[in-house]
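Participant: Each chain, letter by letter, is given below.
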Amino acid sequence: MVDQEVEVREAEAPYMRPILPVTHSETSLPGLKMGAVTAADPADEGSVLELKDLNVFYGNFQALKDINMSIGRHRITAIIGPSGCGKSTLIRCLNRMNDLIPSFRAQGEVLFEQQNLYSRDIDPVEVRQRIGMVFQKPNPFPKSIYDNVAFGVRINGIKGKMDEIVEKSLRAAALWDEVKDKLSQSALALSGGQQQRLCIARAIAVEPEIILMDEPCSALDPIATLRIEELMRELVSTYTIVIVTHNMQQAARVSDFTAVMMMSEERAGEMVEFGDTREIFTNPKDRRTEDYITGRFG
Amino acid sequence: MSTQTLAYDTAGRNAYRRVWARLFHTVFLCATLFGIVALAVLLITVGLDGLGRVSWDFINGYPSRFAERAGIKSALFGTFWLMGMTAMIAVPIGVGAAIYLEEFAARNWLTKIIETNINNLAGVPSIIYGLLGLAIFVRVMGLDRSVLAGALTMALLILPIIIVAAREGLRSVPPSIREAALAVGATPWQTVRFQVLPPAMPMILTGVILALSRAIGETAPLIIIGALAFVAFVPDGPLSSFTVLPIQIYNWTSRPQPEFAQTAAAGIVVLLAVLLSMNAVAVILRNYFERKRKW
Amino acid sequence: MTVEAAGGPPNASQITRKGFSAQRARELPIYAFLFCCAALSIVTTFGIVIVLFEETYSFFKEVSIVEFLTGTEWTPLFTEKHFGVLPLLNATMFMAVGAMFIALPFGLASAIYLSEYAPQTVRSIVKPILEILAGIPTVVYGYFALQFISPEIVQFIFGSDTSIFNAMAASIAMGIMILPLVSSLSEDAMRAVPRSLREGAYGLGANRFEVATRVVFPAALSGIVAASILAISRAVGETMIVALVAGQIPNFSWNPLEAMAAMTAYIVQVSLGETPRGTIEYSTIFAIGSMLFVTTLVLNILAQWLLARFREEYE
Ligand SMILES: Nc1ncnc2c1ncn2[C@@H]1O[C@H](COP(=O)(O)OP(=O)(O)O)[C@@H](O)[C@H]1O
Ligand SMILES: [Mg+2]
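Residue numbers (this note's numbering), protein chains in the order written: chain Y, 1 to 298; chain R, 299 to 593; chain L, 594 to 908.
Bear in mind the hints are in silico, worked out from the structure with no lab data behind them.
Beta carbons: idealized from backbone N, C-alpha and C, even for Gly.
There is no bait here: all hints are sound.
Just some of the chain L residues that point at chain R, by a computed CB distance under 10 Å:
1) A631
2) A704
3) L723
4) E803
5) L885
DSSO-like mimics (lysine-lysine), calculated; alpha carbons at most 27 Å apart, straight line:
6) R:K590 / L:K720
7) Y:K180 / R:K590
8) Y:K159 / Y:K182
Make the full structure from the sequences, and use the hints.
Facilitator: Written as structure tokens, this is what we have:
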């Protein structure tokens, strides 16, 4: 039954097939430990999210044009491109975070488990429960570390011992050892890197299927950045991760797949290339991608 | 030759300009001092007239036909009753309206009408609210001249102020906090209730206190709804009749005998003291939380 | 390892349809309540309009609108009744304009001083003091006008046979009361004038006085006018000062030393007595109220329009 549906979609979009998970070892890049990735079963978990002809407008201004892509389960997908090309707009479409912007309008489909997230009867709140997000600037609540993690758990009515869930989440975000003695202290007293990992822990605590990260390291120093990149590789065995970054090295280091976005003449964001990360960085098909990753512009 | 004339003229003109500039610097300064002097004279007049009359007997005494025996106990309690009930009515409604407008309202014509309307209500003279209260609360709803009728009237009067203050408080919470809450799957209401309202609360509270301190001195609307001047008892419930400090003050001021003027001044001293303490609380609250705030 | 314990993705389940989300359903009344809170302001406005209109309508069933608007005698409480509102309207306007004679020069000069001259420390002390003036209850101003301004200023200057109840004392007290309104709104307007404009003028060799009066003041004019209109509107609606010190005798006069009842003072006068509903006296206060409401509304809308235009220009 499910297989049949997949067949149908393939028929509609045959060009998508090649970019879905290939063999895993090939995606690993030199210098990175890829243990976590190989631990997950690579073969055919398919895609969790699929974008079909997505067009986005802010009022009359078209911010995204004809975006098609699919996000592989338990993979890290990076979205790169020059600033202002619509990366944030795109990633915020994936959990309906853009609903907050009054002038926002989307056409096309964002399919999550075969459901269009933008169809009329979908509750955006539940979308966000299952697709979490980490933002550019760490944004902990002005409360204790414990309460930051516990908040989402409480409101979602997740069962289990709260203390355990908080500990697990903080461990998963590689923050537990640093904060275990000061859980009741204000989260605002943590360093930027710690705050960002707290935000990751907060996202993990509600057990989402996908974690979206919009330039999660841009406000952090290199060491904190590395720490988060390692963390992402660990998390990907459990979660699907989509990360926006303007840092090409970061995309090359952490991601399995990379989408390259550019602005068209009318300043609308377009996806110029999407595929295996190593392929994109070693053998780009599109001229603009090549120019961008070799630093000739952007 | 011509150069000399020019230089001379310029110098003369510059000196003239300097004199004017200096003169007006002084004029502006003096004009600014005028307001301060007026305030000082007002406070001194009231103090001289009234301070001697303030005593425990005055605060603890009931109104009387004899100026030297008149006290403000019933007015003081009436004021507290009225303010307490006004706050109970106006705060939830005002904060609710602010939350709706700031957090949930779609940017459409209806919202715009509501906002314009609130702006206009803020400029309606208080005596008009008195007429509204008289017709609706006193007559139609049959509340008579009760504390409840007065509180409902006052609540409508200060609602615009509370709404504006509460919106400001909500706006001071950065959008990133809302995004954070929504991103872990909170509903819009949960976001506001658990993450936006708590940090906004001190600022909202400050605004509420300032709005109440506006209401506490209001006299006209209460005269219109017929709050009695001669009430020799403390209110015992929402439907009890009442009097308040400003009405007592008005009543005493409007009497011809000079002893009543002193009594009025003493009432003013007490009223100003209550006002001053409310404002002090508001300022301390604001400063304390502004220092504590991190973003 | 711990990651697994934190719980992997739940099995791909369908997202609940909106209608079935229990949490959302439970919150529905909350959103409804919040909307009602906001909508209450509209109900209030309608309430005011309906209440005023209803009684005003029954008033005009007995009194001709022409007599009301053109008559110069106001004696509804006498046996021989006349319903010409002009004495009351005139008194209200006369005293409001009189208040502006105090509030405008002093308010604007303070605004210029605070915005263009005063060092930060002076400003941070003077501004709150002026704002105290705005926070003092009007009944206190009424007392001050009756006990100090009228005897110590008006009677001192114009002789002790001047009535203790006079328009001038009311105007002075109201002027002091609305002074902070003029000064703080005007100051805001002047501070909103961009620095580049000032620097341009200083660059041409203008001194501070010239910059303040010839550059900043004109640039902020629409904001300043708006502030003045708001101040007038406040004076028109002011009740306790005029009720206490301007007297309760309807008097169609332009002599500031005479007593004259303002519209608000008349409403107070009637309210202090027992006025059963249905009588003509009861209706008069609503007719007067309508007049007051319309006047202040027009002034406020005008001021808001000017302010919006000013903001468009500079923000
Ligand atoms: N709320 C908004 N309203 C209108 N235009 C917006 C809004 N947010 C972003 N844009 C526009 O959309 C384009 C893409 O923005 P964004 O997605 O933030 O780019 P990126 O994250 O790649 O830097 C930009 O031209 C930006 O000006
Ligand atoms: Mg961005």
